[in-house]
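**Q** Residue-level listing of the chains:
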Amino acid sequence: MAVFALVFLAPIAYAIYLSLFQNRLIGGNAFVGLDNYQRALSDPQLWSAIGRVALFLVVQVPVMLGIALVVALAIDSGRLYGKSFFRISIFLPYAVPAVVATLMWGFMYGSRFGLVGNINDALGTSLPDPLTPSWVLASIGNIVTWEFVGYNMLIFYAALRVIPASLYEAADLDGASQFRVITAIKLPAIRGALVIATIFSIIGSFQLFNEPSILQSLAPNAITTYFTPNLYAYSLSFAGQQYNYSATVAIVMGLLTMVVAYVVQLRGMRKER
Amino acid sequence: MNTTTRTEPTPVENPHTPAAPRLRSKPTRARSTVARPRKSILLTALTAIVLIYSLIPLVWLVINATKTQDGLFTSFGLWFDGDFALWSNIHDTVTYDNGIFLRWLGNTLLYVVIGAGGATFLAVLGGYGLAKYDFPGKRGVFATVIGAVAVPGTALAVPTFLMFSNLGLTDTPWAVIIPSLISPFGLYLMWTFATEAIPTEMIEAARVDGASEFRTFFRISLPLLAPGIVTVLLFTVVATWNNYFLPLIMLKDPDWYPLTLGLNAWNAQASTAGGQAVFNLVITGSLLTILPLLAAFLLLQRYWQSGLSAGSVKD
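Taken in order, these protein sequences are the chains called A and B.
FYI, the working numbering numbers position 164 of the first sequence as 164, with every residue one higher than the one before it.
FYI, the working numbering numbers position 63 of the second sequence as 63, with every residue one higher than the one before it.
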């Protein structure tokens, strides 16, 4: 619990404390109340970053969870050949560090010796360069999807496994179709897992940092220092020495994440009734 | 098909005895006898698309780890180049810059053993305590833990850095290890798992028989918790082994880098002025970095998969 306090509660308190001060050229560290928050709310760079992760969230999370759900249902249906091979193989990318995943995909995206370049050379096509500003968000989405599809698939699959067999027997007696079994039994039974996976994915999207920060060295023009809110907070404190404002950004994002996660949880639970 | 077929967590008396074959020979689920589904080639083929998507980057990594730096640029990405340079790449990776790669590997192991080991230990103790003992303020603790799962670690990173920097802990291994010790998700997982896996009557029976709490925990509860512990351990190991953000902000001295940070430094080297491009080493190093984790997941899958289905997501 002491460790818990040290790494969890104390930083929050310290962040709030920091966010109330401002380092000025004259007068040093001064208490400024909520000035930093005011600045954050009218900061176009922060808003563009939030807009970017919101877009990312709305597109990437449903795609990823959708694929994961379909694969989990397919594996659970018992209709696959070699299903344990599928299960473990699709999960494997989760064990790959974000750094390695991003470097791999970054190289594969690359037009110099990447696959995109290869394909363009071989087929005479002109696929767009995934590392240009207009495509880089989608490219990051692909990396994140690749990393976590298997993880979410496994969460769903584990939830599907604990559905009592008696439910299926009853459905069988009633002559329910496969599709009906899925919509009437399987999906409601794993609602909890769906909600949890969604919340984790939302948190992950809002906190997007590793992939863009690593891709930055491969695509410096496409990824700005305020590409995502987290990257912005990082650049503010480590490149700009603006610790107070950086703490404010972190708190704003933390609050925003919690609100969104909470709303999703409420909605997810309410549907149950 | 093999191990996660049962609803209840299976008591594993001794993880070294082959428990799974016994399970497999039993009639597994009533469900498969109700309507034994016919295997479908179409469905298998469709799922195979996702499988290929998942595996292609790994295949790419293995293939390209066998190429020289020149070969990377001149050959097709998904096939081997003329000369097979894997061994020389591995040799160069571990010897480049006075063997800094091995130093990073050692650092990573240090962070994983202490950080992930400690996190698992705390999660097991905490999860067991929360699941099996009643005490005032339990609801408050529950809310805090759920909150901690929800509050993203990265949001806390900057303030944590500033705080640690005031304490003089940054740029030391402690700065990476201490925050790794807390795993709210691991605690949550262990909590739900312990609630499911250990019948309270059993603990009461042990108490009636006069066993001390310690003895009860070690002799009765711990074996029952084994699949959950393996699961939590694997997930904390992955989190620590793959951690990038925390070391990135905490460490400046490359001598304390973990592998992830080191690989990124090698990669960034190519784009700095006067830096030497070592893409073949980045790729080979990446392969060496992920192999231990892939091996751990494959070898221990029996345990962590049953741990996951027994506890984590049942709510």
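To be clear, the hints were calculated from the coordinates, so they are not data collected in a lab.
Computed from a predicted structure; not experimentally measured.
Cβ atoms here follow ideal geometry from the backbone N, Cα and C, with glycine treated the same way.
Some hints could be false.
Stated by the list, open to error - Restraint-style ranges between C-beta atoms, simulated for each label pair:
(1) B:A45 with A:I16: 52 to 60 angstroms
(2) A:L34 with B:L222: 35 to 43 angstroms
(3) A:F238 with B:V59: 47 to 55 angstroms
(4) B:L298 with A:L167: 29 to 37 angstroms
**Q** Hints first: check each against the structure and report whether it holds.
**A** Hints versus structure:
no. : hint                                   : result
1   : B:A45 with A:I16: 52 to 60 angstroms   : 54 angstroms, holds
2   : A:L34 with B:L222: 35 to 43 angstroms  : 51 angstroms, violated
3   : A:F238 with B:V59: 47 to 55 angstroms  : 36 angstroms, violated
4   : B:L298 with A:L167: 29 to 37 angstroms : 33 angstroms, holds
In summary, the numbered hints that this structure violates are 2, 3.
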